[in-house]
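Asker: Work out the full structure, taking the sequences as your base and the hints as a guide.
For the record, the sequence lines run as chains D and U. Positions 1 to 313 (my numbering) are the ones given, in order, by the first sequence. Positions 1 to 296 (my numbering) are the ones given, in order, by the second sequence.
Check each hint, because a few of them may be wrong.
With a Cα cut of at most 25 Å, we get these calculated SDA-like pairs of lysine to any residue [to be verified]: (1) D:Lys123 <-> D:Lys232; (2) U:Lys268 <-> D:Thr238; (3) U:Lys283 <-> D:Asn205; (4) D:Lys244 <-> U:Thr266; (5) U:Lys283 <-> D:Glu200; (6) D:Lys244 <-> U:Val191; (7) D:Lys244 <-> D:Ser289; (8) D:Lys244 <-> U:Lys167; (9) U:Lys283 <-> D:Thr207; (10) U:Lys165 <-> U:Lys180; (11) U:Lys55 <-> U:Ile116; (12) D:Lys232 <-> D:Leu12; (13) U:Lys268 <-> D:Phe145; (14) U:Lys283 <-> D:Tyr126; (15) D:Lys123 <-> U:Leu177; (16) U:Lys180 <-> U:Phe82; (17) U:Lys165 <-> U:Leu177; (18) D:Lys123 <-> U:Pro95; (19) D:Lys123 <-> U:Lys180; (20) U:Lys55 <-> U:Ala121; (21) U:Lys283 <-> D:Ala114; (22) U:Lys167 <-> U:Leu177; (23) U:Lys165 <-> U:Val191; (24) U:Lys55 <-> U:Pro130; (25) U:Lys268 <-> D:Pro147; (26) U:Lys268 <-> U:Ser142; (27) U:Lys290 <-> U:Ser176; (28) U:Lys268 <-> D:Gly153; (29) D:Lys123 <-> U:Leu281; (30) U:Lys290 <-> D:Pro118; (31) D:Lys123 <-> U:Pro130; (32) U:Lys268 <-> D:Thr236; (33) D:Lys244 <-> U:Pro130; (34) D:Lys244 <-> U:Lys165; (35) D:Lys244 <-> D:Gly124; (36) D:Lys123 <-> U:Leu287.
Hints are computed from structural coordinates only; laboratory data are not their basis. From a predicted model like this one, the values you see are computed outputs, not experimental measurements.
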Amino acid sequence: MPRPHLYLLATLACAFGLSHFSDRMDPYFLDVLTGIGINIILAVSLNLVNGYTGQFSLGHAGFMSVGAYMAAAVSVFLGPRLLGDSGGTALLQGSLFLAALITGGCAAALAGLAVGVPSLRLKGDYLALVTLGFGEIIRVIFQNFEPLGGALGLNGIPAYTTIFWVLALVGLTVFVVTCLVNSTYGRGFLATHDDEIASEAVGLNTTRYKIVAFVIGAFFAGTAGGLYGHFKMTITPTGFDFTKSIEIVVMVILGGMGNTLGVILAAILLTLLPELLRPIAEYRMIIYSLMLIVLMLARPQGLFNFKFGKAKQ
Amino acid sequence: MSEFLQQLLNGLSLGAIYALIALGYTMVYGVLRFINFAHSDVFMVGAFIGYYLGKLVPEGTLWGGLLVLSGAMIGCALLGMFIERVVYRPLRHGPTLNVLITAIGVSLLLEYTGQIVFGAAPRTFPQIFPTANYHVGSLTISSNQVFVIGVAILLMIALQLIVFKTKIGTAMRAVSLNPKAAQLVGVNNNVVISFTFGLGSALAAAGGILYAMNYPSIDPLMGVMPGLKAFVAAILGGIGNIPGAALGGLLLGTVETFIGGSQFSTYKDAIAFAILIVILLFKPAGLLGKFTIEKV
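Answerer: What follows is the structure in structure tokens.
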């Protein structure tokens, strides 16, 4: 069996195992683990766009919010009707949650398509700013959309997110992204990243690759948003502003662009760091930002990228 | 009609502030080709320097106000040059994205250091300039608005003179066109880039004080939104283009004020980005920018 498939199976087995013992585990530990998992999904999916395809998107939190809201809408508004007053069995709840996550992912993918088609003609900083702009526009729209709670946010989302779902989706995201970039089709993403003009010269439709990367990235960001909403049980539009997008970008760059393992490690590190610095809460953001600057100065190729001299772009 | 003129005036004074901040973004982008995310926090530091200096001089006097303004501008110019020297210079030949992340790091550092040094609670900005309200017909013009527009215009003229009439300005334009060629003809790039940062940061400080005068509450996160919008203004006008930044700022400030006064006021923050996206789709180089063909 190929290695990615083995890893996927291992993660799924791990997910089953952990969820079996989760009752006996420290709730704080589980919370942190859930946070790490969600961030890994976000960072790995953004890595497909920013790392492998070489486009600079600053709007990932926007897609996350689309997914979070749509998934929450399914379980908050459709859930009671489908499950009845009793709340349904665990199996029914699980399938509802799965449907909610898929709806969230698809809605985010659609948003990604709508954003990607016009903006991916732009390059570099301009693309970064336009995606940032779209992210902010999505936020303002949710702030003004009263049926989904408006500026106050959406409350009372059922807590469906368990460690099983998080780990399973982490496994799935990593699996899809790894298999995709290692496939014949996936070489197109890398070619687009390495040299757009040369790729076009050999007949690759680079715009199409960029849009595909964007849509797939947005889909997983949407499912991560769905997990996040059903984990926190309440979502507000301001939770998905551009600082969140930047947080995800930082994970990708620290991990080393286009290096999935590095990005996973960076996501773990950057989620743990604020938790570890909690005793000195006042100064933790200062330390976080200082660390960012020092790391960029000392290891410009990314913290976990050990292929020397491969730091391009 | 009079309401229209009143809103136009309010819009222009907001736009003038955006323009001042946008100039800093555009100049740095011109010489270094990167978005200086920390610029909006230099703007915040400028307002806070103004706040502390404002306590030292008598309130509501013209000379006191000018003293505060120039003090903040000098302070921020030094801060900007310091940031460039310590953080950006070692990364100058590194990948663009790393410089961007570093800039974000500096931005966060200034914000959170600000929250500890200045405190996170908003503060009231002192009235450093004499205030009066003038009535022209049915229009109410506050002296603050006059100051904002006046100071902004003066600074922009000064900037234009520096860039086009002085030796260092010529060097700045040379570095912006082609840094290597500029070095070959004897331009010291480090001095020029340092000077550009100083100049841009001084303008941001002026913008910070003018902003604080009109919206008299300051806090360490005050720079985020104006900074973002000023950057949009810079791109709108064509990044690297000084008159473009001024035009973009004025345009954005005016449109935003009109939207803010209409029934769509809750969409105010989105409108800047909506304009940006529409303009970039039809004119990818911005309103006054020159479109360059990529050569292989």
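Asker: A separate judgement is required for each hint: does it hold in the structure or not?
Answerer: Hints, verified against the model:
| no. | hint | verdict |
| --- | --- | --- |
| 1 | D:Lys123 <-> D:Lys232 | violated, 36 Å |
| 2 | U:Lys268 <-> D:Thr238 | holds, 15 Å |
| 3 | U:Lys283 <-> D:Asn205 | holds, 23 Å |
| 4 | D:Lys244 <-> U:Thr266 | holds, 22 Å |
| 5 | U:Lys283 <-> D:Glu200 | holds, 23 Å |
| 6 | D:Lys244 <-> U:Val191 | violated, 36 Å |
| 7 | D:Lys244 <-> D:Ser289 | holds, 14 Å |
| 8 | D:Lys244 <-> U:Lys167 | violated, 43 Å |
| 9 | U:Lys283 <-> D:Thr207 | holds, 19 Å |
| 10 | U:Lys165 <-> U:Lys180 | holds, 22 Å |
| 11 | U:Lys55 <-> U:Ile116 | holds, 20 Å |
| 12 | D:Lys232 <-> D:Leu12 | holds, 23 Å |
| 13 | U:Lys268 <-> D:Phe145 | holds, 15 Å |
| 14 | U:Lys283 <-> D:Tyr126 | holds, 12 Å |
| 15 | D:Lys123 <-> U:Leu177 | holds, 20 Å |
| 16 | U:Lys180 <-> U:Phe82 | holds, 24 Å |
| 17 | U:Lys165 <-> U:Leu177 | holds, 17 Å |
| 18 | D:Lys123 <-> U:Pro95 | holds, 15 Å |
| 19 | D:Lys123 <-> U:Lys180 | holds, 23 Å |
| 20 | U:Lys55 <-> U:Ala121 | holds, 18 Å |
| 21 | U:Lys283 <-> D:Ala114 | holds, 19 Å |
| 22 | U:Lys167 <-> U:Leu177 | holds, 15 Å |
| 23 | U:Lys165 <-> U:Val191 | holds, 18 Å |
| 24 | U:Lys55 <-> U:Pro130 | holds, 15 Å |
| 25 | U:Lys268 <-> D:Pro147 | holds, 20 Å |
| 26 | U:Lys268 <-> U:Ser142 | holds, 23 Å |
| 27 | U:Lys290 <-> U:Ser176 | holds, 14 Å |
| 28 | U:Lys268 <-> D:Gly153 | holds, 19 Å |
| 29 | D:Lys123 <-> U:Leu281 | holds, 12 Å |
| 30 | U:Lys290 <-> D:Pro118 | holds, 21 Å |
| 31 | D:Lys123 <-> U:Pro130 | violated, 47 Å |
| 32 | U:Lys268 <-> D:Thr236 | holds, 18 Å |
| 33 | D:Lys244 <-> U:Pro130 | violated, 42 Å |
| 34 | D:Lys244 <-> U:Lys165 | violated, 44 Å |
| 35 | D:Lys244 <-> D:Gly124 | holds, 20 Å |
| 36 | D:Lys123 <-> U:Leu287 | holds, 17 Å |
Of the numbered hints stated above, those contradicted by the structure are hints 1, 6, 8, 31, 33, 34, listed in ascending order.
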